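Protein chains in written order, with our numbering: chain A, 180 to 385; chain B, 516 to 720; chain C, 1223 to 1651.
Since the hints were derived computationally from the structure, they do not count as laboratory data. Predicted, not measured: the structure shown is a model, and the values here were computed from it. Where a beta carbon is used, it is the ideal one built from N, C-alpha and C, also for glycine. Errors might be hidden in some of the hints.
Said to hold, decoys possible - Using C-beta positions, here's what the derived DEER-type ranges look like:
no., chain 1, residue 1, chain 2, residue 2, range
1, A, 248, B, 681, 24 to 34 Å
2, C, 1537, A, 278, 26 to 36 Å
3, C, 1292, A, 240, 35 to 45 Å
4, C, 1547, A, 315, 47 to 57 Å
5, A, 315, B, 539, 46 to 56 Å
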Amino acid sequence: MKRVLETKEVTGQSPNYLLAKAQDLIDWAVNSSRANSLWPMPFGTACCAIEFMATAASRYDFARFGMERQAFSPRQADVLICAGRLPFKLAPVIRRIYDQMPQPKWVISMGACASTGGIFDNYAMVQGIDTIVPVDVYVPGGPPRPEGLLYGVLLLHKKIKGESLFDRAARREEQPLDERGLRLPPEQIDEISEPFGNSVHQFRSA
Amino acid sequence: MNPSAEALRATFGSAIGRAVESCGDTIVYVDRAALLDVMAWLRDTPGQQYDYLVDVTAVEYRDRERPLELVYNLRSLDRRVDVRVKVELDPRGDLTVDSIVPLWRGADWLEREVYDMFGVAFRGHPDLRRILMWETYAEGHPLRKDFPLRGRFSRAEQVRQALAANPEAHYSLEELSIAAAYDELPPDMRERLRRGERGKIPHSE
Amino acid sequence: MTKRTVELALATPGLDAQGRPARLPLAAAAREPERHGEPEAGGEHMLLNLGPQHPATHGVLRLVVELDGETVVRVIPHVGYLHSGFEKLGEYRHYNQIIPLTDRTDYLSPMANNVGFALAAEQLMGIELTPRCTVLRVIACEMSRIISHMVWLGTTSIDLGAFTPFLWAFQERERIYNLQEMWTGARLTTSVTRVGGMMADVTDDFVAGLRQFVDTYPKTLHEIDRVLTRNAVWVGRTQGVGAMTAQEAINYSLSGPMLRASGVPYDVRKDRPYLDYDSYEFDVPVGEHGDVYDRYLVRLEECHQSNRILRQALERLPDGPLNVADPRLILPPKSRAMSDMEAMIYHFKQVMEGVKAPVGEAYVGIENPKGELGTYLVSDGTAKPVRWRIRPPSFINLAALPKMAEGHLLSDLIAINASVDIVMGEVDR
């Protein structure tokens, strides 16, 4: 594609301009179709899964946003929605499911517990699923309202529409675990897992 | 005070410790050697008929001098009466008691949970292994008071160990066939299987 | 012959005199089910892994099933995939700070959990509730029972191939959610109780809204009843499946609808009354066969009875104070805390030090939608409990799953698992 466009002389316009136009057109077509037919893989664990079900049911109905088909198999899914807290015992499971999903794939972290560990700052809970899988959209709330999840989905649409097939740096690649078996360097995991809240008046668990 | 406390003392004598009342519930302390007999007596004796096991749990106090308590909540469905039986154990000593699964099948998972969270081993339990934490969990027993709230390892190490766990680990068919033939095994082999560091005998009836 | 009668004739191969589907007696239902197909064909057993991420296991339950053909030889449940350390966290928190945690254990009936914990803490501290608070807590419990049973109905009917009741059930849930939001500001995680009272009083709009709900809700129940109760598929897939006799149910410590479906008439609301349940008129439905169908009937009838209790509670809702008149227990209103020295000191002490409980221990069981939710609190005299133990009804009910599923088909395992009505947040805590 690129070679063809470069060799073709068009009077009055630089070849780069046309190339960019063509790339935009392709990106627009691909991204619109991706964004508007997201197939969610609901990884529902706790309270957020109930709100997720409410979002899927009659009143909120996220089929309106192209998410009609819920793929309960990761092999046919585009977006992993982690709805609910993620204990360490479940960490290898979500990693396995994420690895099984084909590219391109996105992850929505639904709720405070999935995003940061929330009130479960203890021995059993992963402090933010971004220590396990890369996350595209964080939806705050405990649990978020269905409107909140829908807003997160729309944000993801926006993000997808801003992606480009031709930008090598921004292209999605598989991110396998490193040789230590971790996604992030250990110092970084320790840092982002620290208890948050810097007010001395805030009561903390320990 | 529930009259069952006096009846227990009359039957078992010195195996029954003190009996106290708290918020309307009667608590009877029982010697651990007599636990199984006391529970069977409470369940089967006419006039007692505590046929329903409400809960099995354990309590460790912040005061390190106090013993760890195993708590059994019993209820008589017909007579609508509850009694709470406690066994005191030395938290730094031998944490072994008799399992009451032969009396109540419902105690199966409850005892496994106490084992997982407090490290109390139940002698004669058919399948004593961790239930809430995974089987290779290395940090200890979370509800013990010397266990820090955030666990013993750093967060990075916890994530690494969790990701290294095999999410598909389960009994093999060989282990299951041993379990199916469990009743025909010689007693010494049964005892060895029971003592294995991870119990290998799933439910078999 | 009208269309309706054709449907009935199709739906119920054997009707009894009252027009209900004919039933097997309990002994026959509990009998070893006949083996389907050719079980001995290869002699090879197969291990099948279901979950932890599987839509039919209602959360993150994992079942390893040993199969002989399509017949279940043995089920080994693996739980703990949602273990969140609630009981450990509770040891580091004040009594009132634990209440937001209770929302998240059984997140299908958050208000009832709030009530269960608050009752235990109040028993520990010896607090007498005001009449208005008592009635409001009854309303909270029964609203929870309805939304929890609605989730159960919806998801179970999906598991067994009926999608419509799911949509109806969730519509009713949205109505209750609106009421919960009106009362507490949150749809799901309500945290509605405080030790010694409630976090907020209800408004007149809430009372009117609940009255309207109580009037219209039975219509949905009747619709669900008409679609499912005599439906050939529903009846065929639930009758005689996963039966437990009364003896077994007691031995396995089952509680709630699971226990009552097996024919044991035990309901904590009747037999160890808490709040003012002994003054309400309601019936406790009891099954006779202990199978999935009876559990369905029991839960459906419980929804009717909850509606009945709600109606009575709305009629008797007394005026008067909501919280106990003890400034050491109940936070002063914000305006007073900002202007009145004494109120400010009480506010400060409660927030910073918490409410202290006397040395002792208390166990309070309440009839939650899943079964008996017990809260066992041990105090050493400080503001934080030494031990906060939840007696988790669905954890104990789930332990009987291997017993119930043995000898049934794999697809029946899904029905049996659904009939236990588990919620993993509570199973794993």
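Structure-based check of each hint:
1. 248/A to 681/B: 24 to 34 Å: Holds, at about 31 Å.
2. 1537/C to 278/A: 26 to 36 Å: Cβ of residue 1537/C to Cβ of residue 278/A: about 58 Å, so the range 26 to 36 Å is violated.
3. 1292/C to 240/A: 35 to 45 Å: 36 Å, holds
4. 1547/C to 315/A: 47 to 57 Å: Holds: the Cβ-Cβ distance is about 52 Å, inside 47 to 57 Å.
5. 315/A to 539/B: 46 to 56 Å: 55 Å, holds
In summary, the structure is inconsistent with hint 2 from the numbered list given earlier, while agreeing with all the others.
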